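Chains A and B, in that order, are what the protein sequence lines are.
Counted from 1, the first sequence has number 19 at position 19 by our numbering; the numbering is strictly sequential.
So our numbering is basically just the index in the second sequence, starting at one, shifted up by 1000.
Honestly, I wouldn't trust all of these hints.
[What the hints assert, rightly or not] Here are some chain B residues the structure puts well away from chain A; computed CB gaps all over 12 Å:
#1 Gln1006
#2 Ile1011
#3 Glu1015
#4 Ala1017
#5 Arg1022
#6 Gln1042
#7 Gln1045
#8 Lys1049
#9 Gln1058
#10 Asp1085
#11 Thr1099
#12 Lys1101
#13 Thr1106
#14 Gln1111
#15 Phe1113
[To be verified] Quick list of simulated restraints, FRET-style, between CB atoms:
#16 Ser86(A) with Phe1051(B): 21 to 27 Å
#17 Ser1080(B) with Pro27(A): 33 to 39 Å
#18 Trp1083(B) with Lys15(A): 38 to 44 Å
#19 Thr111(A) with Asp1054(B): 30 to 36 Å
#20 Ala1017(B) with Thr20(A): 28 to 34 Å
If you're looking for bench data, these hints aren't it; they were derived computationally from the structure.
Model, not experiment: these values are computed from the prediction.
The beta carbon of each residue, even a glycine, is placed where N, CA and C say it ideally should be.
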Amino acid sequence: AAGVIQSPRHLIKEKRETATLKCYPIPRHDTVYWYQQGPGQDPQFLISFYEKMQSDKGSIPDRFSAQQFSDYHSELNMSSLELGDSALYFCASSMTGRSYEQYFGPGTRLTVT
Amino acid sequence: AQSVTQPDIHITVSEGASLELRCNYSYGATPYLFWYVQSPGQGLQLLLKYFSGDTLVQGIKGFEAEFKRSQSSFNLRKPSVHWSDAAEYFCAVGALGNTDKLIFGTGTRLQVFP
């Protein structure tokens, strides 16, 4: 079965650089969620999109922005990167009416040096 | 505010032994509860979920969990652990309100000895 695809899987950036993370949901899933998991931490919700509109917002820094496109894929844009942004970034997807059944991608490991 | 507590940071068991991972939640209504497993450097895999109905839910890989409203618990169990079960286990609750976000516990790291 198709799963959530995230790219890239690993990313190394320097401080103050920008990064773009991509997420391709499971086919027919219309909702995308982004979570951030710091080293040794539990995943923290950042933001979600339903039908290309932002549906909820968590502890996402103002330096980050995200959007969902017409094909339902989503991109998380991160600017002015800081060392503390180093983390595993997960994307999850779900379908209408089953929003709590979130399927997670493998994550993008971002390292900021 | 909703929260999830996993009291055990690290558990070590022998292969073939039984396992119980504890999870307690704080919630104002009937919660949606989940257990996820994460192998090192990997994503989160859904083991099982509870929305309503039978309080004993079966999941993948031989895991089960029991919802106990009186104890605000949703403990994960497995009768016989395999070495491949070594991983990080996260309990999560669906948040209240007009949101579908998940709130995770801090995780329990399971180590399995041969």
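Hint-by-hint comparison with the structure:
1. With a closest Cβ-Cβ approach of about 9 Å to chain A, glutamine 1006(B) is found to fall inside the 12 Å limit, against its non-interface label.
2. The Cβ of isoleucine 1011(B) sits about 16 Å from the closest Cβ of chain A, beyond the 12 Å cut-off, so the non-interface label holds.
3. In this structure glutamate 1015(B) is separated from chain A by more than 12 Å, as the shortest Cβ-Cβ distance comes to about 25 Å.
4. The claim that alanine 1017(B) is not at the interface with chain A holds, since no C-beta of that chain comes within 12 Å of its own (minimum 26 Å).
5. With a closest Cβ-Cβ approach of about 15 Å to chain A, arginine 1022(B) is found to remain outside the 12 Å limit, as its non-interface label requires.
6. Residue-level check failed: glutamine 1042(B) sits 6 Å from the nearest beta carbon of chain A, not beyond 12 Å.
7. A Cβ of chain A approaches the Cβ of glutamine 1045(B) within 12 Å, the least distance being about 7 Å, so the stated non-interface status is violated.
8. Taking the minimum C-beta to C-beta distance to chain A, about 7 Å, the non-interface status of lysine 1049(B) is violated against the 12 Å cut.
9. Every C-beta of chain A lies more than 12 Å from that of glutamine 1058(B), the closest at about 16 Å, which supports listing it as non-interface.
10. Distance to chain A confirms aspartate 1085(B) as a non-interface residue, since its nearest Cβ pair spans about 19 Å, more than 12 Å.
11. With a cut of 12 Å on Cβ distances, threonine 1099(B) falls inside the contact zone with chain A, its closest approach being about 4 Å.
12. Residue placement check: lysine 1101(B) does not keep its beta carbon more than 12 Å from all beta carbons of chain A (closest about 4 Å).
13. Listed as a non-interface residue, threonine 1106(B) fails to keep its Cβ farther than 12 Å from every Cβ of chain A; the least gap is roughly 5 Å.
14. Every CB of chain A is more than 12 Å from the CB of glutamine 1111(B) (nearest about 15 Å), matching its label as outside the interface.
15. With a closest Cβ-Cβ approach of about 22 Å to chain A, phenylalanine 1113(B) is found to remain outside the 12 Å limit, as its non-interface label requires.
16. Distance hint check: the CB atoms of serine 86(A) and phenylalanine 1051(B) are about 35 Å apart, inconsistent with the given range 21 to 27 Å.
17. Between serine 1080(B) and proline 27(A), the C-beta spacing of about 36 Å keeps the proposed range 33 to 39 Å intact.
18. At roughly 41 Å, the beta carbons of tryptophan 1083(B) and lysine 15(A) sit within the given window of 38 to 44 Å.
19. Separation of threonine 111(A) from aspartate 1054(B) is about 44 Å and departs from the stated range, judged on CB atoms against 30 to 36 Å.
20. Checking the proposed 28 to 34 Å range against alanine 1017(B) and threonine 20(A) shows it is violated: the Cβ atoms sit about 45 Å from each other.
Hint compliance for this structure: hints 1, 6, 7, 8, 11, 12, 13, 16, 19 and 20 are broken, all remaining hints hold.
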